[in-house]
Amino acid sequence: MPGDEDAPATIAHEIGHTLGWEILMDSAGLASFKCSVNPAPDGFSGKDMDTGEPTSCKAGRVALEGTSSTLIPAEQHPYEIDGRGVLGNMGCYMGSGGRMAQWWTTQDAYDHLFNQFVPISDSAGSRRSSPQRLIEYYGYISKQNVVTLEPWHSFESTEIVSDSQGKYMVVALDNKGEILAGSALDVKFYVLSNPPMEIDTAPFEGAIRFPEGTVKFQIRNGSAILKEVAVSANAPMLTLTDAPSNPDGQYTIKWIGSDADGDKLSYTIEYNPDVSYADSEWVVLAADIDQAQWKEDFSQLPGGNHAKIRVTVSDGILTGYAESAEFTVPVKAPEVFIYDPEWGFAYSEDEDILLEAEAFDLQDEWLPDDKLEWISDIGNKSGSTVIGKGSDLIADDLKPGIHTITLRATNSAGKRTVSKGIMLSVGNKLDAPVLSVSVSGTTATASWSSVANAKYKFLYRFDLSADYASSDVGNMTSIPSVALPEGMILYVAVQAYNDSALSNLSNVGYISIPISLLNVGTVGSDLKIGISCAQYQGNQYQFDLNHSSFDSLRWNMDISSFKQIQNSPTACLAVGNDFKLNLSAGYAGST
Numbered sequence: 000m001p002g003d004e005d006a007p008a009t010i011a012h013e014i015g016h017t018l019g020w021e022i023l024m025d026s027a028g029l030a031s032f033k034c035s036v037n038p039a040p041d042g043f044s045g046k047d048m049d050t051g052e053p054t055s056c057k058a059g060r061v062a063l064e065g066t067s068s069t070l071i072p073a074e075q076h077p078y079e080i081d082g083r084g085v086l087g088n089m090g091c092y093m094g095s096g097g098r099m100a101q102w103w104t105t106q107d108a109y110d111h112l113f114n115q116f117v118p119i120s121d122s123a124g125s126r127r128s129s130p131q132r133l134i135e136y137y138g139y140i141s142k143q144n145v146v147t148l149e150p151w152h153s154f155e156s157t158e159i160v161s162d163s164q165g166k167y168m169v170v171a172l173d174n175k176g177e178i179l180a181g182s183a184l185d186v187k188f189y190v191l192s193n194p195p196m197e198i199d200t201a202p203f204e205g206a207i208r209f210p211e212g213t214v215k216f217q218i219r220n221g222s223a224i225l226k227e228v229a230v231s232a233n234a235p236m237l238t239l240t241d242a243p244s245n246p247d248g249q250y251t252i253k254w255i256g257s258d259a260d261g262d263k264l265s266y267t268i269e270y271n272p273d274v275s276y277a278d279s280e281w282v283v284l285a286a287d288i289d290q291a292q293w294k295e296d297f298s299q300l301p302g303g304n305h306a307k308i309r310v311t312v313s314d315g316i317l318t319g320y321a322e323s324a325e326f327t328v329p330v331k332a333p334e335v336f337i338y339d340p341e342w343g344f345a346y347s348e349d350e351d352i353l354l355e356a357e358a359f360d361l362q363d364e365w366l367p368d369d370k371l372e373w374i375s376d377i378g379n380k381s382g383s384t385v386i387g388k389g390s391d392l393i394a395d396d397l398k399p400g401i402h403t404i405t406l407r408a409t410n411s412a413g414k415r416t417v418s419k420g421i422m423l424s425v426g427n428k429l430d431a432p433v434l435s436v437s438v439s440g441t442t443a444t445a446s447w448s449s450v451a452n453a454k455y456k457f458l459y460r461f462d463l464s465a466d467y468a469s470s471d472v473g474n475m476t477s478i479p480s481v482a483l484p485e486g487m488i489l490y491v492a493v494q495a496y497n498d499s500a501l502s503n504l505s506n507v508g509y510i511s512i513p514i515s516l517l518n519v520g521t522v523g524s525d526l527k528i529g530i531s532c533a534q535y536q537g538n539q540y541q542f543d544l545n546h547s548s549f550d551s552l553r554w555n556m557d558i559s560s561f562k563q564i565q566n567s568p569t570a571c572l573a574v575g576n577d578f579k580l581n582l583s584a585g586y587a588g589s590t
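Residue numbers (numbering that gives the first Met the number 0): 0 to 590.
Be careful, since some hints might not be right.
[As the list claims (entries may be wrong)] As a list, the in silico SDA-like pairs of lysine to any residue whose alpha-carbon atoms are at most 20 Å apart:
#	residue 1	residue 2
1	Lys380	Glu348
2	Lys419	Glu348
3	Lys419	Ile478
4	Lys398	Tyr320
5	Lys419	Ser446
6	Lys294	Asp262
7	Lys454	Ala500
8	Lys331	Val282
9	Lys370	Gly387
10	Lys414	Ile393
11	Lys370	Ser347
12	Lys331	Asp363
13	Lys253	Asp363
14	Lys454	Met422
15	Lys370	Ala412
16	Lys456	Thr441
17	Lys166	Pro202
18	Lys187	Tyr167
19	Lys456	Ile478
20	Lys294	Asp363
21	Lys398	Ala465
22	Lys166	Tyr137
23	Lys456	Ala412
24	Lys456	Ile510
25	Lys388	Asp369
26	Lys454	Ile478
27	Lys454	Asp471
28	Lys142	Lys166
29	Lys414	Ala465
30	Lys215	Leu264
31	Lys263	Glu135
32	Lys456	Asp498
33	Lys456	Ala500
34	Lys456	Ile421
35	Lys380	Ser347
36	Lys294	Tyr250
37	Lys370	Gly343
38	Lys331	Glu280
39	Lys380	Ile393
40	Lys175	Ala223
Source of the hints: derived by calculation from the structure; they are not laboratory data.
Given the structure is predicted, the values throughout are model-derived calculations rather than measurements.
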C-alpha cells in the first residue's frame, strides 16, 4: 500500500481479526469483544464476539488517552527493534481514534499470538483406530428461523468428531425418532466487520457423526424443528466416461451420475498430482455443480507422473465417487518475482546492494533459499557470475560496471526459470534527474533537470505494482505536451545513463487525467460504479442515467465528507475503512 502510513497497523489489525481478537471502535458501544483473549478497557460496552450478547470486560484494562484503544503502559517496556527503540505509552492496534505512531501490541494479544504457533501433535490418540462415517453440513439460518441448505457430503474418516449441545443444532435420528448424534451450530447474526454489522441470515457449517440407522437429519432451534432432511434409501452412483490420459492444456472431463431414488444430484471435481505420495492432497477444481462435465486447463495445474481425477456425486446427503486411472501432467517451471532494488540502482564500489526476489512453484510452492541463485553478467571480484543465493541477498563485492542481475530458480524436478534482468551500476555514479510533471485538462507535460555527459530513459507504468516500461529519449530533457485519454493514470520517472554508469531513478511523477462524464447504466438497472483515483474533481461526481434529448435522471453523489489520503501520490478518497456512496436523484424536465 504505497503512501499509506497506516498500512502497518491496518495489517496487524486485520491479522488480529483472524486470530479471534476484539474489534474495538469507540466508547459509545460500537464494538465486539473477546474478553478472554484481548480484553477491552473496563467500562467499554459492546457485543460478545462468541455469543453476540451485550457485554463489557472487567480485566482492569484502561484506555489510552484520546483514543478508543487499550493502554499499553510505558512500564511494560514496548520496544521497536531497528526503529524508535524504547517507546512510551502506546495503544492496542485493535482500537481506533489514534495515530499510526501510537499503535502497538498488548501483552494479552502477544501471548495469544505466541500460543497460536505451538505445534499441535497429531498423535495416535487424536484419531480413531478405524474410520467412521461423517457428514459435512452447510446452510443458512435467518432470524425468522428460515433454513436454506447447501449440498451436504458424507465420507469416512478416522478423525474424532464428538457430539455437542447448543441453542441451534443439527441432529441425526433413527426410524423411532431417537437422536443418534448431535452437533451444535455456530450461528452468529453479525459479522466482524469494521464496525461490526448485524445480518439477518447467518451461515453455518460443520461435521457430525452419521451413524448406521440414520433416516433423517433435523435443524433445530431449541425444541423447534426448522428443517428436516430425509436420508434416501440408495446412494447415488457415478461412472467416468471421459477422463484425461496425458493432458497438457484444456480437457473436458465427463461422467454419468444416477440415483435410484430420483434425487437431484450435484458434483464435485478434484485433482491430485501425485497419488503415490501418502500425504498428497486433493485439490477441488469445482464444487456442487449440476452439469455432468467440467473443462479444466491442466497447463495451470501442478504436474506429476501419478495424477488422478476424482468426481464425487451427492444427492444432498449420500455420496458416491469415481476415480480416473493414473495419468501424467507435465511438471511446470517455477514463476519468479524479482523486485526493483530498494536501495537504488547506482552504487559506489564495495557498497552494500540489497537484492530481493521470490519464486513460486506449482509443485513445490514457495522455493527455499538454496534453490534461488543470483546471477550477474559481469560477476563479482572473485570471478564468479553466481553472486549469491536466497530470496534476500546483500552483495558487496561486485565488479565495477553496469550489471544485468537475474535470479535463477530451480524446483525439485530440475525445472528452471530465469527472471527478467535488472540493471545496476557499480563504481561510477551519475546524479539522479529531478522530474517535474504538469496536467492541464487532458494534456500532460514532463521535464527534468539535465545531468552532465548523460542520456535519459523515460519510464512509465499504469499501476504502482507493475514493472516500468521505458523509452530511450536520448539527450532530451522534456516530453512535449501530449493529449491523453480521460481517466488515464500514469506514474513516470527518469533515469540518466552513459556507457559506464547509471543514475538512481528521479522522483516519481503522477499524472491523472480527469473524467468529465461517466455513463454507468440505465434507470432501473443495477448501478455499479467503479471510480478511479483520477476522477476526483471538487466535491461531487455527477452521473447521467438513461439520458435523452427530452429528459434526464441525474444522480449526484455528495462526497464532501471524504478526505484525501495523506502522504499519497494519488488523489484517492477515503472515509473510515469503507468506500460508501450516498446518492440523491434529481429530475430535469423536458427542454
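Hinted pair Lys370 and Ala412, Cα distance within 20 Å
holds (11 Å)
Hinted pair Lys456 and Ile510, Cα distance within 20 Å:
Given pair Lys456, Ile510 holds - Cα atoms ~18 Å apart, limit 20 Å.
Hinted pair Lys215 and Leu264, Cα distance within 20 Å:
Status holds; Cα separation ~18 Å.
Are Lys419 and Ser446 close enough, with their CA atoms no more than 20 Å apart?
violated (29 Å)
Do the alpha carbons of Lys370 and Gly343 lie within 20 Å of each other, as the hint requires?
Violated - the C-alpha atoms of Gly343 and Lys370 are around 25 Å apart, more than 20 Å.
Between Lys456 and Ile478, does the CA-CA distance stay at or below 20 Å?
holds (11 Å)
When you check the alpha-carbon spacing of Lys454 and Ala500, does it fall within 20 Å?
holds (11 Å)
Verify the proposed pairing of Lys370 with Gly387, using a straight-line Cα cut of 20 Å.
Between Lys370 and Gly387 the Cα gap is close to 11 Å, so the pair holds against 20 Å.
For the pair supplied as a hint, Lys380 and Glu348, confirm whether the alpha-carbon distance does not exceed 20 Å.
Given pair Lys380, Glu348 holds - Cα atoms ~11 Å apart, limit 20 Å.
Quickly compare the C-alpha distance for Lys380 and Ile393 to 20 Å and report which way the hint goes.
Between Lys380 and Ile393 the Cα gap is close to 15 Å, so the pair holds against 20 Å.
Tell me if the straight-line CA distance from Lys398 to Tyr320 falls inside 20 Å.
Outside the cut-off at roughly 62 Å; violated.
Pair hint Lys331 and Asp363, alpha-carbon separation not exceeding 20 Å:
holds (10 Å)
When held up to the earlier numbered hints, the structure conflicts with 2, 3, 4, 5, 6, 10, 11, 13, 16, 20, 21, 23, 29, 37 and fits the remainder.
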